[in-house]
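Q: Use these hints to put chains B and C onto chain A, whose structure you have.
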Amino acid sequence: MLAISVMNGLVMGVIYALAALGVSLVVGIMNVINFAHGELYILAGYFSFLFASVLGLPVAPAMALAVALVFLFGLLIERLLIRPTYGNDMYSLILTFILSIVLQNAFLLIFGPYPNKPPLWVRGASDIFGLFSYGNQRLAALLSGAVLIAAVFLLIQKTWFGRIVRATSQDRGMAEWNGVNTTRLNMLSFGLGCALAAAAGVILSPVFPVTPTAGVPIALTAFVVVVLGGMGSLWGCVVGGLLLGLVENLGAAFVSSGYKNVFGFIILILVLLIRPAGLFGRAKL
Amino acid sequence: MISSSKWIGPAVLAGMCLLPLPLGIYPQHVLIVSLFYVMMAASWNLLAGYTGQVSFGHAAMAGIGAYTSGILAAKAGVNPWVGVAAGTLLAALLGLGLGALCLKMGGIYLSLTTLAFSQILHIIIVNEYEVTRGTMGLQVPGLTAEYSKLTYYYILLAATVLVLFILYRMIHSNLGLSFRAVQNDETAARAVGVRVLHLRVLAFTVASAMAGFAGGLYGHYLLLITPEIPSLDLQFYVLAMTVIGGMGSFVGPIVGAFAINILAEKIRDYGEYHVLVFGLIALVVARFAPEGLTGVWRSLGRRRTP
Amino acid sequence: MLLEGRKISKRFGGVQALSEVDFHVEAGSITALIGPNGAGKTTLFNIVAGAIKPSSGQTVFEGREITGLPADEICRRGIARTFQIVRPFATMTCLENVLVAAVNRHPRRPRAALEPGARDLLAQVGLADLAGQEARHLNVVQKKLLELARALATEPRLLLLDEVLGGLNTQEILQAVEQIRRLRDRAGITILWIEHVMGAIMQAADRVIVLDQGRVLTAAPPREVVSDPRVIRAYLGE
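Chains as they are written, first to last, in my numbering: chain A, 1 to 285; chain B, 1001 to 1306; chain C, 2001 to 2238.
Take the hints with a grain of salt, since some may be wrong.
Derived lysine to any residue pairs resembling SDA-like cross-links, with alpha carbons at most 20 Å apart [as the list claims (entries may be wrong)]:
(1) A:260 with B:1135
(2) B:1104 with A:276
(3) A:117 with A:208
(4) A:260 with A:86
To be clear, the hints were calculated from the coordinates, so they are not data collected in a lab.
With the rest of the complex left out, here is chain A (with noise of 0.2 Å):
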């Protein structure tokens, strides 16, 4: 039961680290909060699902297409939507707010609340350690998890668009000094942004299918994530990912399952009390 609970506080923590990985870079960069992250990472679980299973493709470049879709889509929703209002912090929040309320209700609209569910990739079951044995598929969702992670940690650290956004993400003025085009790399960090949430999406999906609202509480404890791994810091995001994830599960196992989203607000609630600059945060942003 410990065991298990561990494993699925893995898997989740894995997903909410990507989510919130897409959330922080997006703070880090153009102090913008994306209300609309989980509704994208559910198009991309309705893509993925749509292009294997409806249309038939194979599941590797069902789920590539998906993500490319949504970043591009990320793309349309920066240009469209947050660059009018840059500097308006407010009405960038109202304005995706608004998105993911008429996303939910597309969905509703062309999907129906049923569950939806792309294909596995894989099937049966391991034998961990002897001790237990546990779905192929998490495994499968754990492992390319910590893959796309580590790969967002090379780019941010190795290359020059990692550069150029660490050096944005700490002083925007100075960055803009030094002639780094922001209002093409706002556009493209919101597209990763997206296109993180989207890469969690097709991850999960097959394990936890897709309904209209299922993003709301991924997107949030997301947010929560960043909040406790300090706004903007990606570091916190993989650590408080994996905490979170941990916590709801031995929570849900050893507490109450109806309550498995309230501890994500508890710690909230006590980050904020206790050190609201987060785990890696900054004193102040």
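A: Relative to the frame of chain A, chains B and C by itself:
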């Protein structure tokens, strides 16, 4: 100009008093619901429109008011009016707590925390079935011994007038002057001594209390309290009404609440598209006419008489 | 000594904007703060006014430490400022702009009691006729004057002026300098003043602090400063 604006309030009020008399039960119901939304949107506007804070927990605060009063009345036999007062107080206290906790970290934290708060409240209500009756809904007594739409209409109308009066006084006081300064330029406002944090926490507390008050009354009108009240859909409605009507304008949310609620009833005849439709309208308005319909109206007026 | 800065440093990411700046402002003086672009003048202003926090160091006003206090608290302690790029409350009238400052200085007084004083201040800067006009309709010079009136309505003992003369013509500069002098002579307000218009500083300032690359180069009466070879080098570059 001054004399005409002096008469406009009493004239509208007199009109509102007479309005339901010739109407049937159903239009009266629509008006009562509209009044609930006027209170919600006008108080949310104090946050978003006047102090630049986006709360996603306004519907949750209405839920706090409704469930506090409803549970007290249904389980402990407390007088509904006392219950409404208790619900208002609890919402105010929660507003004060959440506001003090988040606002020193900046507005984004308030948006995140209130969104989380509304989800958590939803989960608690669904899980604590024994107390709240979950999604089935909690049956609660009415505010008066005899149930009449007309009585409720006048009660809600009086409540709405009270809420609007308090908001109007706040906005036109010294406090309101500082609100507008913060809205214009937070840095400059701080530089002339405006206590921005105090101001925001105060506005959040007052607005939360108003939502709790409106929710309490609304619950006793519906007689059945469900998690629909503290839902994101209702939150969205309040937000859309304010945005479409005109954020930061006193009349905007009032116009928006009536227009959208009445329009929603019409659209509902064609199916469950109304949330999607209003979402798209709100998206376009927020993007292209951030001052809302009243803003468009004002600028049209300016163009005619430069 | 009215204001004192002790070893103030500020880093932005990888850039050292100020390093261990020591300075002071005598009560009743007009002290100018000059230096080439990027010397850290506005950063120093923002630290004194509480708009940003220093990485290290202290600011002391009237003998009490004010380092890291929020801007509104510093304003209540008696320091007012104007902004290099004007920031009036655009959708409020000129009178309301000044009243915001006045009602926050005297929170218990009703607005009606504060209005005559606010109108007086507008008259002092020559904006009496525009009292009912929304600030966004003013031109830049008028906006600067409005900001000055607004700062004065907080009843400061120290006034921080950030390039108030930019965009003014010669005639207007003379008037403005005269006005700033009057503030000191009649109202007894000490002035710390960032300025690029050297002529005005020569006329009005008692003492000049020169910043260069985040350090204090020298602090002396204006005559000495203009003939200081280090200052000339800093301005002309190597």
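Q: Are the hints correct? Go through all of them and say.
A: Structure-based check of all given hints:
no. : hint              : in the structure
1   : A:260 with B:1135 : holds, 18 Å
2   : B:1104 with A:276 : holds, 9 Å
3   : A:117 with A:208  : holds, 8 Å
4   : A:260 with A:86   : violated, 36 Å
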